[in-house]
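S.K.: Letter by letter, the chains look like this.
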Amino acid sequence: MKVTIKQWSGVASWKWVANDDNCGICRMPFDSCCPDCKLPGDDCPLVWGQCSHCFHMHCIVKWLQSQTVNQQCPMCRQEWKFNNK
Amino acid sequence: MDESPDSKKAWALSQKIFPILNDFSTCNQEDTFFKSQFEELCNYMQANGLQDFLQQLIINQVEKRFRDEIVPAFWSYFQKSELHNKDLNQFYNAVKSLYDNYKEMDKITSGLELFRQCTHVTKIPYNEKTINNALKLILKATVLAQSPLNYQAVTLSFYETALRIEDVDSYLGFDSGHCAACDQDSCNCLHLLQETNRKLSEMNLLEPLVGQTFTNLSHKYIYTHIQKMCKDNYDSFITRLETWLHTVVIVWLRKMYSFDTSICLNEAMDTFQTKLVNYLYNSYTKIRINQLFNIVIEYPESLPALEDIRLCLPRTDLKPLLMKKLQRAMETRLLHHGVSTADILTAYVATIKSLKVLDPTGVLLESVTDPIHQYLREREDTVRCVMSSLTEEGPNDLAEELHKRGAVDENINVEDGDDDWETWTPDPIEAAVSPNPPKDVGSRRNVDIISMLVDIYGSNELFVNEYRNLLADRLLSQYTSDTEKEIRYLELLKLKFGDSNLHFCEVMLKDVVDSKRINQRIKEDSEYSESIVPLSTLIVSQQFWPPFKEEKLELHSKVAEQIKQFTAGFETLKGSRTLCWKNHLGVVNIEIELNDRTFNLSVSPMQATILMHFQDKDTWQLEELSNVMQCTASLLRRKISFWISHGILSETSIDMFSVQNVENKNLAKVVFCDEDFEAESAMASVQDQKDEEFQNIWTYIVGMLKNLDSLPLDRIHHMLKMFAFQGLTTECSPSELKVFLDRKVRKRLLIFSNNLYTLPK
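Residue numbers (the UniProt record's numbering), protein chains in the order written: chain A, 1 to 85; chain B, 1 to 761.
It is possible that some hints are incorrect.
Per the computed footprint, the stretches of chain B lying under chain A, defined by three or more beta-carbons under 8 Å from a beta-carbon of chain A, are [as the list claims (entries may be wrong)]:
1) 57-69
2) 498-509
3) 531-540
4) 582-588
Hint data in this document are derived by calculation from the structure and do not stem from the laboratory. Ideal placement from N, C-alpha and C gives every residue a C-beta, glycine not left out.
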């Protein structure tokens, strides 16, 4: 018997490779989007800080803008720096 | 009587002049008397003041004669036998004999009249104007007093024949030369009829004796005529029927009454006609109401009939009957287990549309459709049916409704202006008695079928969820699916259910589009080679899709290798993201070459994997294969049976399968048992989801019972309603809760006694 696969149409779900499931700011899943967005993924990306915590980009930017003095990570209170890996 | 010779002579004389004073036997003798004798009697009577007495005596005799002889003879005709219906003679003969006798009596009374004139008698019996009138009165009274119970049967059949002669059009089967009554070419039926009527009229008996018969007969006749016309025919008949009534029934009645001088013909006919027209409308409406369920189902072919009913309803006051009948018909013919939900929905849509014709205010609709709503709410597949027919291709009421929706919206706003107070009409009286609290009139007027369906459940959410499931199924099963079409539907549904509710579906469709692009990008990558298996992947945003059914499956190493490559490609394309594969989902196009045959099939990944393993090795033990594929043996056996039914694999011994390289001709074509199994949804079923929700409730219940020791069912339900049900998609009813709790009791997780639930110690 010879079996030829002419077309394999599979299904997969994408997910962020992060050390947590939910965004620490909006408490929404990373794989979903921040409260201001409609579409997940490319339109509502994640960003990592040097402290290795990660958030929805829109969430952390909003947070940083609201902080007048120090730009700190809301989780660990270290100074927030984007980790551009 | 005085014994004087004068008086004796006078008595003899009066007996001679009025033979009726004698015994009956002699009364028919033709006695002659002379004018002088008559004058002598008159003088004597006057002189002695006996004229009144003599008149009374004669009248008494006349009455006696009628009572004992003539009228019984007349009625005896009716008892003779059940002569065959078309025979006109029975009644005619009766009337004729009565008439002859009447004439006889009339002769006597005319003698009496003469006597009265000579003797100046002023008093007239029974306060009538003339002796003749008194005679007629006596006759009428006697005839009616002695009438047997069933005499109408005879008159009815007599006049029915008469009517049939009149209604030539309805009996075109008869040759026009033929008589409808006796089936003979030349007969005197018509003559008989006329004679009978003339005689009855002359005796003033027409109306008292057969008036009721006329009414009954015309009613019966009209009713059967309408019934004959309306049977299985939903045309508009009301104008045709009215013309028929005027040209046939009324004309006939006029003929019947034409000899009757006692009444004013035109006036009487006018009232009769009004009554008959009224009756016609009434019967027509009733007959239509009895057919209403069929009429509704046949909509829009039955539109003329509906228009008729709409015209007739205000004239007949039959609305309550209509509601009752239609509701009953719905319950017996539609709302039971034998009817599929799709059919109920079709009927429901037809009901809405046709009742909108009957009653634009929608009050009628509301009360009639209430039972349908309640029933549909109990059916489990209603929502699925609604949503699938909404989005289905092809002629379909609901889909049409969805498409025209946009246009309808604007019109309603225009016509529903409040400033149009001059044409305002109050809601019909039924509005007050309908069980539902009266809603905003505006909402009732613009009946939108889809909203009505959605309102059955009180929320959009169920429908949106169902649509999401349907869409997910469709997208997963047809990879080449026409996303543009789906997007168009989505836009239409958004108009209906609101943007935010359908946001999930939007993401799902976007996933499909994005997946195509990503697939392409990955394949363009030089590092990715599609050497082993041509792979394309639908990449979903898990959070936005309905929960998938979880199933474990280890793919064949070749496919797994390809998938690994694809994942790597994805990871480089989209930094920090990876793929979680749903191995059991998807479609595989597969070509199978055996020694003597080839197959081209679309199968599930699991089935493809099975075959790939059999390609490596001809024979597998069930246990062994299930270990390799990481799935349960029972599931695997089910899947293998698909290939067995195709004649590709066979079970050589128990739990041992091998490839059937050469077709087994002896094997009869096995039925494709796996067909419905293939159609299974990839989504977790509603029941699964519900169970999960109940699991959440369970923690509440345990907490409740820990604190309060024991609780009855309704308390538990009440408290859950306050605290736990907010987040759930569906609220559970007390009965559902009871089923759930009873299951827990069976598992010994609860104790039920004295109608109280307690936790076991």
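S.K.: Of all the hints given earlier, name the ones this structure violates by number, lowest first.
M.R.: The structure conflicts with hint 1 only, although it agrees with all the remaining ones.
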